[in-house]
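Using the sequences plus the hints, can you model the full thing?
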Amino acid sequence: MALTQPADPPADAWRGAREILPIAVGVAIYALAFGVLAAQAQFSALQVGVMGASVFAGGAQIIASQQLVAGAGAVAALVAGLALNLRLLLVTASIREVYAGRPWWQIALGAHATTDESWALMLAQRAKGRPVGYWYLVGGGMCLLVVWCVATVVGVAFAHAIPDPKSLGMDFAFTAAFIAIARSLWKGRSDLLPWLVALLVVAGSIKLAGLAPSWSLILGGVAGAAFAGVTGDA
Amino acid sequence: MRDTWIVILGLTAGTFAIRLGGILLGQQIPTTGPWARGLRALPGCLIVSLVAMSLVSGGGQEWTAAAIAAAVAIVTRNLPATMAAGIAAIWALRHFA
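Taken in sequence, the protein lines are chains S and P. Counting in my numbering, the first sequence runs from 1 upward without gaps. Counting in my numbering, the second sequence runs from 1001 upward without gaps.
The hints are simulated quantities; they were obtained by calculation from the structure and are not laboratory data. Errors might be hidden in some of the hints.
As the list claims (entries may be wrong) - Label pairs and their computed distance ranges (CB to CB): (1) 1078(P) - 215(S): 26 to 36 Å; (2) 108(S) - 1060(P): 37 to 47 Å; (3) 158(S) - 1058(P): 50 to 60 Å.
By construction, the Cβ of each residue, glycine as well, lies at the ideal position given by its N, Cα and C atoms.
As structure tokens, then:
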């Protein structure tokens, strides 16, 4: 392993929690919007709080709630939410060394703390050459979990008073964050073709083949990675 | 009410199984060769796919704001600055363009 694990877990977790704060602001706004939706889906504040802490996957919670609001039933809501979450299989697989050789409770905690945002931020810091690892990921993830739970419960409790995030441009916060993180993951020209493959597969499978976005996302990631695996040099 | 708890419990169990399953899957993949190269390329490809997925449903305003955010990201390599630029750009485009 190229990166050494930092010697000071609490300090590393604290750094992770602090450095994820700009993204946590975006998460809080997204969470308020989810709370409003959850109120339409007849969720209680208790249910929203429990769901936030135990599921801890915003996109899946939103899609499942949308299905319930549309009257689709529990099974359809579950399938839609879990289909979107299948990408997390690739997310945790891609940082396998972070969890390697740890006791079971740390693996469980680390798995639960892994979100698109905490994962991507840790990778971005590593791309800058900082030796961040497991505790940085957990610190960032737990910070997001607290922000997510508090803001979703506030959202469901004050649903009638919350303005539309879109009118403030806040719906664009995550797209912009992931653009910044993609920039920091860029290692050079060998990334160009795999990234282009991923981009074209996502756009093509949604626009031309009419595939659901949650499946096209997985297909795009796998296609780009497969291209890099087959064509890259050692 | 019952439907809500079924969805919460099902999403909790399923999502945790997926997160844990990825760790187990990752440990089965060799550390050299094409599979390892693919796994190393996976994070960047997934991030690009996330951006592509959110832009496909948007139009010219979203694409312009994304281009501005990308330019800021390339120059500054700074996360908060890129987020601020992207949000300011989409807000201005929606209100004034």
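Against the structure, the hints come out as follows:
1. 1078(P) - 215(S): 26 to 36 Å: For residue 215(S) against residue 1078(P), whose Cβ atoms are near 33 Å apart, the range 26 to 36 Å holds.
2. 108(S) - 1060(P): 37 to 47 Å: Holds - the Cβ-Cβ distance for residue 108(S) and residue 1060(P), about 45 Å, lies within 37 to 47 Å.
3. 158(S) - 1058(P): 50 to 60 Å: Violated: the Cβ-Cβ distance is about 28 Å, outside 50 to 60 Å.
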